[in-house]
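Visitor: The residues making up each chain are set out below.
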Amino acid sequence: MKRHIASLVVFLAAAPLWAASGETVLQERCAQCHDLTGPAPSTLEELWTRKGPDLFYAGVKYKPEWMERWLQNPSRIRPAGMFYGKHVRTGPDGQDVIDVASLVEHPRLSPGEAEAVTRVLMAKKATPAPVQEGAYQPGRISLRMGELMFDKFKGCLACHQIEPDYGGLSGPEVYTVTERLREDFLVAYLRDPQAFDPKIFMPNKKLKERDIQKFIHYFRALAQEVKP
Amino acid sequence: MNAAQRLLAAATLAWLAAPAPAQPSGEDLYRTYCAQCHGLQGNGKGINVRDMSVQPRDHTDSKYMAGRTDDELRTAVVEGGQALSKSVLMPPWGSVLEPQEVDALVAYMRELCDCQHGRP
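Sequence order for the protein chains is R and E. Here the numbering used here is used: the first residue of the first sequence is 30, the next is one more, and so on. Here the numbering used here is used: the first residue of the second sequence is 3, the next is one more, and so on.
Using C-beta positions, here's what the derived DEER-type ranges look like:
1) R:A155 with E:G120: 48 to 54 Å
2) E:D53 with R:E94: 27 to 33 Å
3) R:G141 with E:Y66: 57 to 63 Å
4) R:K154 with E:E81: 31 to 37 Å
5) E:E81 with R:D122: 29 to 35 Å
6) R:R118 with E:P101: 29 to 35 Å
7) E:E81 with R:A130: 35 to 41 Å
8) E:D105 with R:S171: 39 to 45 Å
Just so you know, these hints were derived from the structure itself, not from any lab. A virtual CB, placed ideally from N, CA and C, is assigned to each residue, including glycine.
Taking the hints into account, I'd like the entire structure generated from these sequences.
Guide: Listed below in structure tokens is the structure:
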């Protein structure tokens, strides 16, 4: 028993140290690309020069299990980078193409670092707009109906991929979005993307609350279907 | 004038003289919000087009663009394609752009087509 208490004491004493080292990793290896304090870009210039997604409200946006995994083995989410304008050129036939060589490989963390960093990021909750707990109510939609909404009715497919190599390229892939982001955050973001990111080049289509829920059902169904 | 009044006057002058935050140009707005579909050159060949069922308008097509009034262009940008019985793939930008920004975009599209309404 004594031994257990001793190891518990050591554990408790070391815990803040791990947190501190998460903070150190963030400051030394992440802050040059990610905004950890806010606010989001408020001019086009700031939007164009943003080097990575804002993380100052990571705790309300991301799922920690996904983040910890991804940081150890990052893969591309935005086919044309943060701001496509920096990674696109016009080919000889007048067709714009992505300059893949200009996209950066994401730094990779060790399991211990990923855990520590995720923990520090999850404490960041300075959300620019309210995210309501329980806003998403799980439900179902067929993939066929979901795709009809995403493409024909609302035109979202123009900018987002619904499976690897199918769909638009200027926005993040959506077939992994519910693995990455919290559903309650998605409700708030789809209601008003500019409330989180005032200059972002995703339109506000004034979606009905019912349709927002359906889109999230659809993303969840897609994530089941398309295991990359 | 005493010192405080002078200070106040100086502060007021400085405030009046401070440049208003620069309004982005039509070209900068286009390259941010429109080029993803309409292309960096405005020719309708942006990175998103491959899987789009309706292709974005070529804004350098002076014949087509001359057939549109500035108000129609403004409506397309603010309310989206559906407001002109066109495709939903042309999004509404009314809640993202200020009215002066929409005007700047219309002026930039007129530069791209090198045309005015009725004058290709």
